[in-house]
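Enquirer: Single-letter residue listing:
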Amino acid sequence: MRNLTQAKKACSYSQTRLPSGLTVLVRPMPGYSTVHAEYATRFGSVYDRFELEGKPVALPAGVAHFLEHKMFESEEGDAFCLYAKTGANANAYTSFDKTCYLFTSSGEKAEASLDILLNMVGKPYFTEATIAKEQGIIGQEIKMYEDSPDWRLLVGLCGCLYHTHPVKNDIAGSVESIAQITPEMLYACTSAFYSPGNMVLAVAGDITEAQVLEACRRAGLTQPAPLPDARAIWPKEPLTVAKSRLEFEMAVAKPCFGIGFKEAPAPLDDPCREILCDLLSEVICGDMTPLYRRLYDEGLVNPEFGCEYLCLPGCCCLLFTGESEDPDRVRQLLMAEIDRLRREGVEEELFTLCKHQMYGRFLQDLENVDDACGAMMGSALKGRALADELEALAALTKADLDQALADMLAAERSAMVVVRPAKEGEE
Amino acid sequence: MERKQIAPAAYLCRIGAEKFNQCRVALHFQYPARRDRATADALLPLVLERGFADCPDMTELSRRLARLYGADLTVETAMNGANRVLTVSVTGLKDELALEGEALSRQYAALALGVAFHPYLVGDTFDPEAVEIEKDKLKKQLEAQVNNKRSYCVRQARRRYFGSSPAGIERDGYPEEVEGITPAALTQAYREMLRAATIDLMAVGADGDMLAELLAGELAGLDRQPLALAPASAMPRQEPALFEENMEMEQAKLCLLFTAGRPTGTEEMAACRLAMSLFGGSATSRLFLNVREKQSLCYYCGATYSSVTGTMSVDSGIQPQNAARAEAAILKELKDLCEGPITQEELEDCRRGLLSGLGSVEDTLSGLENWYYTEICRDGAVDSPAQARAALEAVTADQVRQVLRMFSLSVRYLLTPKEAQEDA
Chain A
1 MRNLTQAKKA CSYSQTRLPS GLTVLVRPMP GYSTVHAEYA TRFGSVYDRF ELEGKPVALP
61 AGVAHFLEHK MFESEEGDAF CLYAKTGANA NAYTSFDKTC YLFTSSGEKA EASLDILLNM
121 VGKPYFTEAT IAKEQGIIGQ EIKMYEDSPD WRLLVGLCGC LYHTHPVKND IAGSVESIAQ
181 ITPEMLYACT SAFYSPGNMV LAVAGDITEA QVLEACRRAG LTQPAPLPDA RAIWPKEPLT
241 VAKSRLEFEM AVAKPCFGIG FKEAPAPLDD PCREILCDLL SEVICGDMTP LYRRLYDEGL
301 VNPEFGCEYL CLPGCCCLLF TGESEDPDRV RQLLMAEIDR LRREGVEEEL FTLCKHQMYG
361 RFLQDLENVD DACGAMMGSA LKGRALADEL EALAALTKAD LDQALADMLA AERSAMVVVR
421 PAKEGEE
Chain B
1001 MERKQIAPAA YLCRIGAEKF NQCRVALHFQ YPARRDRATA DALLPLVLER GFADCPDMTE
1061 LSRRLARLYG ADLTVETAMN GANRVLTVSV TGLKDELALE GEALSRQYAA LALGVAFHPY
1121 LVGDTFDPEA VEIEKDKLKK QLEAQVNNKR SYCVRQARRR YFGSSPAGIE RDGYPEEVEG
1181 ITPAALTQAY REMLRAATID LMAVGADGDM LAELLAGELA GLDRQPLALA PASAMPRQEP
1241 ALFEENMEME QAKLCLLFTA GRPTGTEEMA ACRLAMSLFG GSATSRLFLN VREKQSLCYY
1301 CGATYSSVTG TMSVDSGIQP QNAARAEAAI LKELKDLCEG PITQEELEDC RRGLLSGLGS
1361 VEDTLSGLEN WYYTEICRDG AVDSPAQARA ALEAVTADQV RQVLRMFSLS VRYLLTPKEA
1421 QEDA
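Protein sequence lines, in the order shown, are assigned to chains A and B. Counting in the numbering used here, the first sequence runs from 1 upward without gaps. Counting in the numbering used here, the second sequence runs from 1001 upward without gaps.
Hints in this document: simulated from the structure, not taken from any laboratory. All values derive from a computational prediction rather than experimental measurement. Heads up, the beta-carbon is just placed ideally off N, CA and C, and yes, glycines get one too. Keep in mind that the hints are not guaranteed to be accurate.
Claimed, not checked - Here are the simulated lysine-lysine pairs, DSS-like style, with alpha carbons at most 25 Å apart: (1) Lys143/A to Lys1137/B; (2) Lys236/A to Lys55/A; (3) Lys133/A to Lys123/A; (4) Lys254/A to Lys1094/B.
What the hints assert, rightly or not - Cβ-Cβ distance ranges computed for the label pairs, FRET-style: (5) Glu1419/B to Gly383/A: 46 to 56 Å; (6) Arg343/A to Gly1123/B: 35 to 45 Å; (7) Glu308/A to Gly1123/B: 37 to 47 Å; (8) Ala253/A to Arg1262/B: 29 to 39 Å.
To be verified - Covered stretches of chain A (chain B as the covering partner; in silico rule of three or more C-beta atoms under 8 Å from a C-beta of chain B): (9) 127–139; (10) 356–363.
All chains, full assembly: derive it from the sequences and hints.
Expert: Here you go:
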């Protein structure tokens, strides 16, 4: 890849580490009228065991997500009421490895909205009564996900691939697990994971770095903050799969399937593994490949068939998912294609085209204030920068990909989940 | 935005997009929807997206797009009241970001116009093999609608609400008709679209002069007889019709559809936007704050509005045993807004949220294009987001109340597990 100068300019932003330990990323975007901010902590559903001041803490599934819901409340009321005064559109989400609080507002109201965000996150307020109310709301959210075949497929697949790693648990937990949550647990999680040194603030749009740093100063984030004596604990996880096959029924029209491959975990600050996972997915079953074309033309998959990957602390896997009348035939063809690529190597032209495509998508993801923020924040939480990812992509060779094919996607480390249509009168 | 006529019922719309790394070329074909051709019209985008005369093979087309740094080619169809819109769009990086100096934007134009005007034909019709494959895909897509319970419930409610009205023609066609579509019938539907449609070519950050010239060239070779578009029209008022469907599921879904009895004009848009935000379109709405937060009767509960059909939709995810209470609570909130006080504070909270949202329209390529094309489709004056903001600033509580008073319930659709028992 030549002439990366323009591309590097297009993905530039400032990065500052404040005395409190908070990492602040700012991407001023001239001509834009809105501002998007994401304030995130390295604390997601997989952080279910940790030590705080030498004492072990074990959490039931769903605590990170529960805490996200509760973070919007204070003694004075709900943060949504405060955001209503700035017109900001605020939200939050919890994933396997992070919890993120965000807003989009007009440029004029960005500083006031930042004040709300920075004062809300990390300063929780819980009572038995507010926790009980939230258990009801989240219980309904869990029920909604239980009706989603895609979500249940993902949870089922992680449950097959992993023996003990908490990725096998639903991010929101279960009605039973969240019933065990207490105020003490939530305060312990806040102390352990919501310190500025464990967090990243990313802001993009109609704003300057000085404005963001001044908001951090107003929130007390420019003062040194003690690092909590906290350490996440990861269970020992063998490379074998817990279960090679799972089938269950739901109200779906056609069988949905997932085929997962468990891989050795990789260092999160090195973008190469994630780029390789992306490239593997494209060269095996992307829409430029013979496998995709065959599956498509023979009516074995729908256009949504594809592959995603998870690279988390202590966990890495590739997940192929789709809908098919004959999931086992799809698995057979997928494994045969992986074997062929191992034997013959990846076609040179296909490799180059996939890199071109990834380069374009990388820049497309910086086009909007929210996408830009998400990309900056996600990269920083893993200890890297977007420019590192661009350079890693440019440096990857076909030999690297051929080697990844040799090392990864082993049949003995794979599992399959099939969701079959429920027969009349049963699930 | 500048809209210029370049041929009968054919326009070029230029939208500036200097701040973006990408540009976008979109061709919209809008024409009156026909029930007898609905399934062919739904199949058309799937076949067009596979390839065109200059690049018939779908895998080769994917490779061509990858060479253009992952440019995105999309062909899709949507309904605008009783009219159908087929859109061919290409979005990709601007020329200056090409790694080897390629003229990308010219290729985007060639792709979009090629797909729209030069499909791959075998003899006089679409490729029979491609048609068969895409028929199978469409059939599966229609069958899979049941997988997403929320959208399935809304679809089912809309089917009862619109009945056989042209505005109720299914965007995605009818499963029982897919098998019978022949390559010849599909080609006929395509040719009819080219003949009858009003065409808008949107150049968002792309070279408008080049595109205008190319489009004029394409149209010069066509037998064009554009049809008048179907006017906006609303469903008449009726006694509420109640429907219930049982399914194996955990969370029940409730959809309420209301008619205003008439479509609303462009001059009412600002009041309609604020009314929806206050009733159920925001985190400061009555439905969110009272039905979800205070009464915990649903996980989500939101209201949306279609001006072209004068329809308000409320959909919610609820515990099955709470269905009747949730419905009563939703109707009570509407009644309270129509008859009771509206505080200045809640009105301003909603207005600020909408003003902020209108500001963000111009910060994405697709937002900009959608905004202006939606304005064009409304068939009134084309307002910029700034004009819409100014109109919104002037809306009063009385105007909001007047909007909400127009609505009467027509259809209630409840999708619920089989054994749901109503709580006392």
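Enquirer: Against this structure, judge whether each hint is valid.
Expert: Structure-based check of all given hints:
1. Lys143/A to Lys1137/B: 30 Å, violated
2. Lys236/A to Lys55/A: 19 Å, holds
3. Lys133/A to Lys123/A: Distance ~19 Å between Lys133/A and Lys123/A Cα, so the pair holds.
4. Lys254/A to Lys1094/B: 41 Å, violated
5. Glu1419/B to Gly383/A: 46 to 56 Å: 51 Å, holds
6. Arg343/A to Gly1123/B: 35 to 45 Å: 41 Å, holds
7. Glu308/A to Gly1123/B: 37 to 47 Å: Holds, at about 41 Å.
8. Ala253/A to Arg1262/B: 29 to 39 Å: For Ala253/A and Arg1262/B the Cβ distance comes to about 38 Å; the hint holds.
9. 127–139: Holds, because 3 residues of the stretch 127–139 of chain A bring their Cβ atoms closer than 8 Å to Cβ atoms of chain B.
10. 356–363: With 7 residues in contact (Cβ-Cβ under 8 Å with chain B), the coverage given for the stretch 356–363 of chain A holds.
Hints 1, 4 from the list above are not met by this structure, while the remaining hints are.
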